[in-house]
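Kindly produce the complete structure, drawing on both the sequences and the hints.
Protein chains in written order, with my numbering: chain V, 336 to 700; chain A, 336 to 700; chain Y, 5 to 347; chain E, 5 to 347.
Do not rely on the hints blindly, as some may be mistaken.
[Stated by the list, open to error] From the derived model, a few chain A residues whose C-beta atoms are all more than 10 Å from chain Y:
(1) T382
(2) S473
(3) E664
[Stated by the list, open to error] The calculated lysine-lysine pairs, modelled on BS3-like cross-linking and capped at a C-alpha distance of 30 Å, are:
(4) A:K372 <-> V:K535
(5) A:K483 <-> A:K608
(6) A:K575 <-> V:K535
(7) E:K67 <-> Y:K274
(8) A:K608 <-> E:K67
(9) Y:K342 <-> E:K273
(10) V:K483 <-> V:K570
(11) V:K608 <-> Y:K67
(12) Y:K274 <-> Y:K342
(13) E:K67 <-> Y:K273
(14) A:K535 <-> E:K67
(15) E:K67 <-> V:K483
(16) Y:K67 <-> A:K483
(17) A:K535 <-> V:K578
(18) V:K535 <-> Y:K342
(19) A:K535 <-> A:K372
(20) V:K372 <-> V:K535
(21) A:K578 <-> V:K483
(22) E:K274 <-> Y:K273
(23) A:K483 <-> A:K575
(24) V:K688 <-> Y:K67
(25) Y:K342 <-> Y:K273
Treat the hints as calculated values from the structure; they're not laboratory data. Heads up, the beta-carbon is just placed ideally off N, CA and C, and yes, glycines get one too.
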Amino acid sequence: MRGRHRFAIPFLQYLDTHGEVDVPLPAWTSDIERLQKLYEQMVLARTLDQKAVALQRTGQLGTYPSTLGQEAVGVAIGLAMQADDVLVPYYRDAIAQILRGMPPENILLFWGGEERGSDPGGASQDFPPCVPVATQLSHAAGVATAMKLRNESRVTLVTCGDGATSKGDFMESLNLAGVWQLPLVVVINNNQWAISVPLKQQTAAQSLAQKAIAAGIDGTQVDGNDVIAVYDAVKTALDKARKLRQPSLIEAVSYRLSDHTTADDASRYRDQKELNVHWAEEPIGRFQHFLHTRGYWDEAREKALQAHCRETVDAVVAAYLAAEAENPEAIIDYLYAFLPAALEEQREAIGRKAEVLNGQENPGA
Amino acid sequence: MRGRHRFAIPFLQYLDTHGEVDVPLPAWTSDIERLQKLYEQMVLARTLDQKAVALQRTGQLGTYPSTLGQEAVGVAIGLAMQADDVLVPYYRDAIAQILRGMPPENILLFWGGEERGSDPGGASQDFPPCVPVATQLSHAAGVATAMKLRNESRVTLVTCGDGATSKGDFMESLNLAGVWQLPLVVVINNNQWAISVPLKQQTAAQSLAQKAIAAGIDGTQVDGNDVIAVYDAVKTALDKARKLRQPSLIEAVSYRLSDHTTADDASRYRDQKELNVHWAEEPIGRFQHFLHTRGYWDEAREKALQAHCRETVDAVVAAYLAAEAENPEAIIDYLYAFLPAALEEQREAIGRKAEVLNGQENPGA
Amino acid sequence: MNKPGLELSVPDTESVTIAEGTLVEAVTLALRYEMARDDCVVILGEDVGVNGGVFRATEGLQKQFGSNRVLDTPLAEGLIAGISIGMAAQGLKPVAEIQFMGFIFPALEQIACHAARLRNRTRGRLSCPLVIRAPFGGGIRAPEHHSESTEALLAHLPGLRVVVPSSAYKAYGLLLAAIRDPDPVIFLEPKRIYRAQRQRIPNDGQALPLDTCFTLREGTDLTLVSWGAMISECTQVANDLATRGISIELIDVATIKPLDMETIVTSVKKTGRCVIVHEAPRAGGVGADIAAQVNEQAFLELQAPVARVTGFDTIMPYARKEDIYMPNTIDIQSQIEKTLNFS
Amino acid sequence: MNKPGLELSVPDTESVTIAEGTLVEAVTLALRYEMARDDCVVILGEDVGVNGGVFRATEGLQKQFGSNRVLDTPLAEGLIAGISIGMAAQGLKPVAEIQFMGFIFPALEQIACHAARLRNRTRGRLSCPLVIRAPFGGGIRAPEHHSESTEALLAHLPGLRVVVPSSAYKAYGLLLAAIRDPDPVIFLEPKRIYRAQRQRIPNDGQALPLDTCFTLREGTDLTLVSWGAMISECTQVANDLATRGISIELIDVATIKPLDMETIVTSVKKTGRCVIVHEAPRAGGVGADIAAQVNEQAFLELQAPVARVTGFDTIMPYARKEDIYMPNTIDIQSQIEKTLNFS
Ligand SMILES: Cc1ncc(C[n+]2csc(CCOP(=O)(O)OP(=O)(O)O)c2C)c(N)n1
Ligand SMILES: Cc1ncc(C[n+]2csc(CCOP(=O)(O)OP(=O)(O)O)c2C)c(N)n1
Ligand SMILES: [Mg+2]
Ligand SMILES: [Mg+2]
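Now the structure itself:
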C-alpha cells in the first residue's frame with residue numbers, strides 16, 4: 336500500500352481518421368464476414384436512428400436520443416457479447432440492444448411512450464435502458480456480483496456517457512468491481528458532450544479511462560470511431576472478465592453528431608465548425624473506406640445493404656405503428672407481483688377513468 | 336485527450352518507523368519551536384482523547400470516536416492552516432479543531448449531546464464535524480468555490496477517512512476541484528479501517544492518493560505517523576492552493592489504534608497482533624525519539640508537558656461539566672432564521688413538555 | 005439578512021418595467037432582477053450556462069452576468085446540492101437548478117442532512133440561504149423520470165421551505181422571496197404550465213410572502229385546495245361550477261412548507277366542505293397532511309369528509325398513459341359534486 | 005415465487021425450536037432460518053460480516069454461511085441499494101442492511117427510481133425481491149443522524165412495501181415474509197426496543213402477513229394506532245387506562261405500505277375516536293395519511309377529530325434534549341383524554 340506508484344493508460348486505434356491502417360490488425364479481423372457485419376450493422380443503426388428522429392419530428396414518437404456518429408460503440412458491444420451475458424445499457428444504446436435480440440420496434444415503442452418497449456425479447460436478462468444517469472452502473476455491478484457468487488462464466492457489460500462519469504455511483508461501482516473482482520466491463524461512450532456541457536467542463540482528467548486507476552482496475556482508451564478498435568477492446572475485456580474474472584473500463588472516444596435528444600438544439604451551444612471537424616472522423620465512412628481498400632466491400636453490396644436497411648426500417652415502423660394498445664390497468668398491474676388489497680379500488684378507478692377518457696376521444700362511440 | 340497517459344503517485348516520509356531520518360529534512364524543520372509544538376500538541380491531543388474515552392466509560396459522555404494513533408494528522412492540519420482558511424472536518428478531527436481555536440470543552444459538549452458543542456469559537460467559518468460519511472467533501476468544494484469566485488487567497492481544507500473514499504460524493508467533489516481548479520486540499524486520514532472493514536475490502540486501489548488521478552489533480556501519499564511528512568505535505572498543498580489555485584489530495588497513512596468509537600469493540604474483528612505491529616509505528620513515540628536524538632527534547636520538558644496536559648484536560652472537563660443547560664426551545668429556535676407562524680404552537684408545546692419532564696426529574700421541585 | 009417580503013430598493017441598473025411573460029420567463033426575470041440587485045446570487049446546475057437550461061429558465065443570464073455568476077456544473081446532483089451548501093455557508097446565495105425533479109434523489113442526502121440542518125446544527129452560526137429550483141409534474145409527454153411530483157418528500161423534512169408557484173406572477177414574486185429568504189428553499193416549477201399563459205409581471209422586485217396560501221377566488225359552498233399546475237384545472241372547474249350557481253373558494257397553497265393552515269381552515273370553517281387536488285400519488289401526499297389538519301381544526305364545521313383528488317398510487321406511466329394517471333377536470337368536478345352531495 | 009405468507013417446508017438442517025429472544029435476536033433468527041432454507045438469500049451491507057453488524061443483527065451469519073452469502077460492502081449506501089437491485093434481478097434475494105436509517109438518503113435514488121420500479125418498467129420481466137433493513141428511531145442517545153424516523157418518505161413511493169415490527173415475535177415473522185416477498189421491502193427495525201424485552205419465538209419459519217395491521221388489544225372507547233417502538237408506550241398507556249375503566253383498542257400498523265386501512269377504519273367505526281402516535285415529525289408523517297383516510301372512511305362515525313401524537317416539526321435534537329422531542333406516555337395519555345372528552 337505504501338510507496339511510489341506508477342500507472343499507464345493505453346490508447347487503442349487501428350484505423351486512423353481516414354480509414355487508413357499503419358499498425359498490424361488483430362487476428363480476428365481475418366474473419367471478413369465479421370468485418371462486413373460490423374459495417375452493415377452500423378449502417379442499419381444509422382438508418383433506424385434517422386428514421387426515429389423523423390418520426391419524432393412528425394409527431395409519431397416522443398423525445399428520442401439519437402446515436403448519430405456513435406454507431407461503432409453500440410455495434411461493437413452488440414456483436415462482441417455472448418447471448419447469455421447481460422447488457423445493462425443506457426438510453427443511447429438502441430443498436431446494441433437490437434443486436435442482442437430486441438425487436439427493433441420495441442425501441443420505438445419505448446420512446447413512443449410505452450413501458451412494453453423495454454422488452455429485450457426472448458429469454459434475455461438484459462436491463463432496460465436507464466434514464467437516471469449512472470445509476471445503471473450499480474445494477475451492473477450487482478448483476479456481476481450474482482454471476483460471481485454463482486461462479487458462472489457469464490459477463491456483465493454496462494455502458495454510460497462521459498457526463499455519467501462525474502456522478503458518484505459511477506465511481507462507487509467501479510470501485511466495487513475492483514475490490515470484488517467482478518466479471519464486469521464498463522464502456523463509456525465518450526461522445527464529448529453531456530447535453531450542452533463539453534467534456535472539459537466535466538472533468539480535468541486527461542482521459543476518462545484513467546478513472547479506472549482510482550478503482551485499481553485496468554482502463555483503456557480507444558478510438559470510438561474506429562469500430563475495429565472498439566470491437567477489439569470490448570472483446571478483450573469480455574474475455575478477461577469471463578476467464579480471469581477481472582473487471583475493466585473502456586473509454587470509447589466518439590462524438591455526438593446529433594443534438595442531445597430531439598428536445599435539444601445543439602446549435603445553441605456548439606460551434607458548427609467543431610461539428611464539421613467531427614463529421615470528417617465519423618465511424619461509418621472511415622470503415623467503409625477501409626473495407627473498400629481491402630476489397631471487402633463494393634458498390635453492389637452497398638446498394639443491397641441500403642435497400643435492406645430501408646426495408647427493415649419500414650417493417651419496423653409498420654410494426655411499431657400497428658402495436659395494439661395496452662390495457663389501462665397495466666399502469667398498476669405490474670407495480671407488485673400481487674395487487675395489494677389496498678389498491679383494488681384504485682385499479683377499478685383506473686379502468687373507469689380510461690373509459691371516460693376514451694369516450695372523450697371518441698365522442699361518437 | 337487521446338493518447339497514452341502516464342501517472343505517478345509519490346510517497347512522502349522523513350521519519351522511519353523508529354524515528355530515524357535518512358533523507359534531508361524540509362527547510363521549515365529548522366524552526367525547532369515548530370517541531371516542539373507539533374510534539375506537544377500530539378501529546379495534548381492524546382491526553383484529551385483518552386480523557387474523553389474515560390468520560391464515556393463512566394457515563395459522562397455519549398458515543399465518542401477516539402483519535403488514538405492518528406494524532407499526527409490532526410495536529411499537522413491544525414498547525415499548518417491559516418486562521419481565515421476554512422476547515423471542513425469529519426468526526427475524528429477534534430485536535431485540528433482545537434488547534435484552530437475551538438474551546439476544547441466544545442468537543443465534549445458535542446459528544447455529550449449538545450448542538451452548541453459544534454461552535455469552533457471566535458469568528459471562525461469552520462464547519463462542524465460531519466457525521467454522514469463523505470458529505471463534507473461537497474461542502475468543502477462549495478466553500479472553495481466561494482473563495483475562488485471572490486478571488487480570495489484563502490484555502491479550504493477538508494478531511495475524511497479511508498472508508499469515505501468509497502462513497503460517490505468523495506469523487507464527485509474531487510472531480511469538481513479538478514475541473515474548477517478550486518483552492519481545496521483534501522486530506523484522507525487512512526487509518527486502514529472503516530469500523531470493521533479493512534482497507535483491502537474497501538478498494539483495490541494500490542493507494543488512496545491515486546484517486547486523485549481520476550479527477551486530474553495531484554495526489555500524494557504520506558506516512559501519516561510521521562508528523563514531519565504530514566505537516567510538510569499539508570503545508571505544500573495549502574501553498575499550492577493559495578498561490579496557484581490548485582487542488583490536491585493527500586493520503587495520510589495512519590492507523591486506528593482505538594476502537595472505531597466507544598460503541599465499538601474492535602477485538603471482534605481485528606487481530607491483536609496487527610494492533611501490536613501498529614503500536615510500534617505510532618506517531619508520538621517516533622517523533623519523541625527524533626526530537627531526543629536531535630537534542631530538541633528532554634526529560635524536564637516532557638515532565639512539564641505532561642503536567643500541563645493534565646491541567647489543561649482537567650480544566651476542560653470542568654468547563655464541560657459546568658456548562659449551563661440550553662433552554663428547551665432551542666430545539667426549534669434555530670430551525671429557521673425566523674420562527675414560522677405555523678410552528679409557534681409547537682414551540683409552546685416544547686416549553687410545556689420540558690417543564691413536565693423537569694418536574695418528573697425533580698419530583699420535589 | 006433581509007426578512008423575506010420586505011420592500012427592497014430597486015437596483016439602478018434595472019428600471020421598473022411591466023413585462024408580460026410566461027411562467028418560465030417570470031423565473032428568468034426574477035433571477036435576472038435579483039442577480040443585478042445582489043451580487044451574492046450565483047446560479048449553478050447542469051446546462052444552465054450557454055444553453056440557458058433545458059427549459060430556458062436561465063436563458064441569457066450567463067451572457068449578462070458572466071461565467072462566475074452562472075456555473076455549469078459536472079453531472080452530479082448530490083454535488084450541486086452539496087456545493088450550494090458550502091457556498092451558502094460562505095454568504096453566497098446559490099440558486100441551483102435540478103434539471104428535472106425526477107433527478108433530485110441524489111441530492112436528498114445533502115438537502116435533508118445538511119441544507120435543512122446547518123443553521124440548527126450550528127445554533128445559527130452558519131446558515132443555508134440557498135434555493136434549489138426544479139421543474140416538476142407531468143403532462144408533457146416526457147420520458148420516464150421526467151414527470152414526478154415528489155413534493156411530499158421534501159415537505160416532510162424539517163428546516164426546509166417548499167414553494168410552488170401556479171402562475172407567472174407568483175413565480176416572479178415567490179422566487180424573489182425564495183432567493184432572499186435566509187433559509188433553504190425548494191422551489192418547484194410546474195413545467196406543464198411553463199408556457200401555458202402570458203401574464204403581466206410588474207418587474208419591480210417585489211417579493212411575495214413565503215408563508216401564506218393565496219385565495220384565488222372566494223366562495224361559500226366548498227373550499228378547493230391545490231397548488232402548481234393543477235390550479236389551472238381547479239380554476240376551470242370553479243368557473244364552470246359558478247355558472248351553475250355553485251360557489252367555490254379556491255386556495256392556492258403555494259407554500260407547501262411551512263404550511264399556512266390558517267387560511268385553509270378559516271375557509272373550510274366557512275364553507276364546511278373541502279376538496280384537495282394534487283398530482284402526486286395519494287398515499288403520503290401533501291394532501292393527506294392538509295386533510296388531517298382540516299379535520300383536526302375544523303371538525304365541528306365539516307359537513308362532509310375532506311376529499312382528495314390525486315394521482316394514483318402507482319408509478320407515473322410513460323407518455324401514452326399519462327392522461328390516465330393525471331387528475332383532470334372531470335375527476336375534480338365529480339369529486340366536488342360528491343362532496344357537495346354528501347350527507 | 006412464493007406468495008408471501010404461504011406455509012413453507014422447514015429446512016432439514018434446522019429443527020423447529022422455540023427460541024426466546026430479543027427483537028434483534030429475532031432478526032438474526034429469521035435471517036438464519038431463511039438463509040438455510042433458500043440459498044438465494046444473500047446478506048450485504050457495511051460491517052455485516054465478521055462484525056455481525058453494529059447492532060449484531062447479522063451476528064454469526066458469515067461464519068455459518070460463508071463470505072459468499074454475507075458480504076461486507078465498501079462504504080456506499082447508494083451502491084448497496086444499487087447492487088441489491090442487480091442481484092435481485094438475477095434471482096438472488098439480497099437482504100441489505102443500511103447501518104442507520106439516517107444514512108438511507110444516498111440509497112433513495114436507487115430505491116425510488118429502480119427498486120420500486122423495475123417490475124413495472126419491465127412489465128413483470130425483471131423484479132426486485134430485495135429487503136433493505138435499517139434500524140430506526142430515537143431514544144438511545146446516539147449521535148446526530150442516528151435517530152431518524154423517515155418512514156414517511158418511503159411510504160410515499162409507489163412500488164415499495166414498508167414494514168415495521170414492534171416486537172421480537174413480529175420481527176421474526178415479518179422479516180421472513182419480507183424476504184419471501186417478490187417485491188422490494190423496506191424493513192425498519194425500532195432500535196430503541198432492540199433489546200427491550202425477551203419473547204418466545206417459535207423458530208418455525210412461519211411468516212406473518214405483509215398487508216394487515218395487528219390488533220394488539222381490543223377496546224371500545226378509542227382506537228390507538230401506532231407502530232414500532234411507540235407500541236411500547238401505547239401498550240403501557242392502554243394498560244394504565246384500563247385500570248381506570250377506559251377501553252382502548254390498540255392497533256399496530258406494522259405494514260406502513262401498503263396500508264391496511266380496513267382494520268383501522270373498522271375499529272374507528274366501532275370506537276368513534278382515534279389517536280395516532282408516531283415518532284417522526286408531524287408534518288407529512290404517516291399519521292397524516294391515516295388520519296386523512298379515517299376521516300374519509302369513517303366520517304359519520306367519528307365523535308372527535310382524529311388526533312396525532314408525534315415528534316415536533318424540527319430536527320431530532322442531540323442526546324440531551326432527545327426526550328423533549330420524543331412522544332412519551334404522558335403525551336399519549338393526555339391526548340387520549342382530550343379526544344375522549346371532545347365534544
Ligand atoms: C441523474 C440525472 N441527472 C440529470 C439527467 C438529465 N440528463 C439526461 S442525459 C444528460 C446528459 C448525459 O450526458 P452523458 O453522460 O455524456 O451521455 P450522452 O447523453 O452524452 O450520451 C442529462 C444531464 C438525468 N437523466 N439523470
Ligand atoms: C453515509 C454514512 N454511512 C454510514 C455511516 C456509519 N459510519 C460511521 S463511521 C463509519 C466508518 C467510516 O470509516 P472511515 O471513513 O475510514 O473513517 P474512520 O472512522 O475510520 O476515521 C461508518 C460506516 C455514516 N456515518 N454515514
Ligand atoms: Mg456524452
Ligand atoms: Mg478509517
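Here is what the structure says about each hint:
1. The beta carbon of T382 of chain A is kept farther than 10 Å from every beta carbon of chain Y, the shortest such distance being approximately 27 Å.
2. Consistency note on S473 of chain A: stated as away from chain Y, yet its beta-carbon is not over 10 Å from all of that chain's, at 2 Å minimum.
3. Chain Y leaves E664 of chain A outside its interface by the beta-carbon criterion, the shortest separation being 12 Å against a cut-off of 10 Å.
4. Of the pairs offered as hints, the one joining K372 of chain A and K535 of chain V is violated, with about 44 Å between alpha carbons and a cut-off of 30 Å exceeded.
5. With a CA separation close to 47 Å, the supplied pair K483 of chain A and K608 of chain A exceeds the 30 Å bound.
6. Of the pairs offered as hints, the one joining K575 of chain A and K535 of chain V holds, with about 22 Å between alpha carbons and a cut-off of 30 Å not exceeded.
7. Pair hint K67 of chain E plus K274 of chain Y does not hold up; C-alpha atoms about 67 Å apart against a cutoff of 30 Å.
8. For the suggested pair K608 of chain A and K67 of chain E, the alpha carbons sit about 21 Å apart, so the restraint of at most 30 Å is met.
9. The hinted pair formed by K342 of chain Y and K273 of chain E meets the criterion: a straight-line CA distance of about 21 Å does not exceed 30 Å.
10. A hinted pair counts as satisfied when its Cα atoms are at most 30 Å apart, and K483 of chain V with K570 of chain V qualifies at roughly 19 Å.
11. Between K608 of chain V and K67 of chain Y the alpha-carbon distance is near 21 Å, which keeps this suggested pair within the 30 Å criterion.
12. Simply put, K274 of chain Y and K342 of chain Y have alpha-carbon atoms about 19 Å apart, close enough for the 30 Å limit, and the pair holds.
13. Among the hinted pairs, K67 of chain E with K273 of chain Y is inconsistent with the structure: their alpha-carbon atoms are about 64 Å apart, more than 30 Å.
14. Note on K535 of chain A and K67 of chain E: the hinted pairing holds, with a Cα-Cα distance of about 19 Å set against a maximum of 30 Å.
15. For the suggested pair K67 of chain E and K483 of chain V, the alpha carbons sit about 20 Å apart, so the restraint of at most 30 Å is met.
16. For the proposed pair K67 of chain Y and K483 of chain A, the alpha carbon gap of about 20 Å is at most 30 Å, so the pair holds.
17. Between K535 of chain A and K578 of chain V, the direct Cα distance comes to roughly 23 Å. Compliance with the 30 Å bound is thereby established for this hinted pair.
18. The suggested pairing of K535 of chain V with K342 of chain Y is violated, with an alpha-carbon distance near 59 Å, which exceeds 30 Å.
19. Note on K535 of chain A and K372 of chain A: the hinted pairing is violated, with a Cα-Cα distance of about 35 Å set against a maximum of 30 Å.
20. At most 30 Å may separate the alpha-carbon atoms for a hinted pair to count; K372 of chain V and K535 of chain V exceed this at roughly 35 Å.
21. A distance of roughly 49 Å separates the Cα atoms of K578 of chain A and K483 of chain V; the hinted pair therefore is violated under the 30 Å criterion.
22. Taken as a hint, the K274 of chain E and K273 of chain Y pair is honoured in the structure, with Cα atoms around 27 Å apart against an allowance of 30 Å.
23. Between K483 of chain A and K575 of chain A the alpha-carbon distance is near 14 Å, which keeps this suggested pair within the 30 Å criterion.
24. For the suggested pair K688 of chain V and K67 of chain Y, the alpha carbons sit about 48 Å apart, so the restraint of at most 30 Å is broken.
25. Of the supplied pair hints, the one linking K342 of chain Y and K273 of chain Y holds, its CA atoms being roughly 19 Å apart against a limit of 30 Å.
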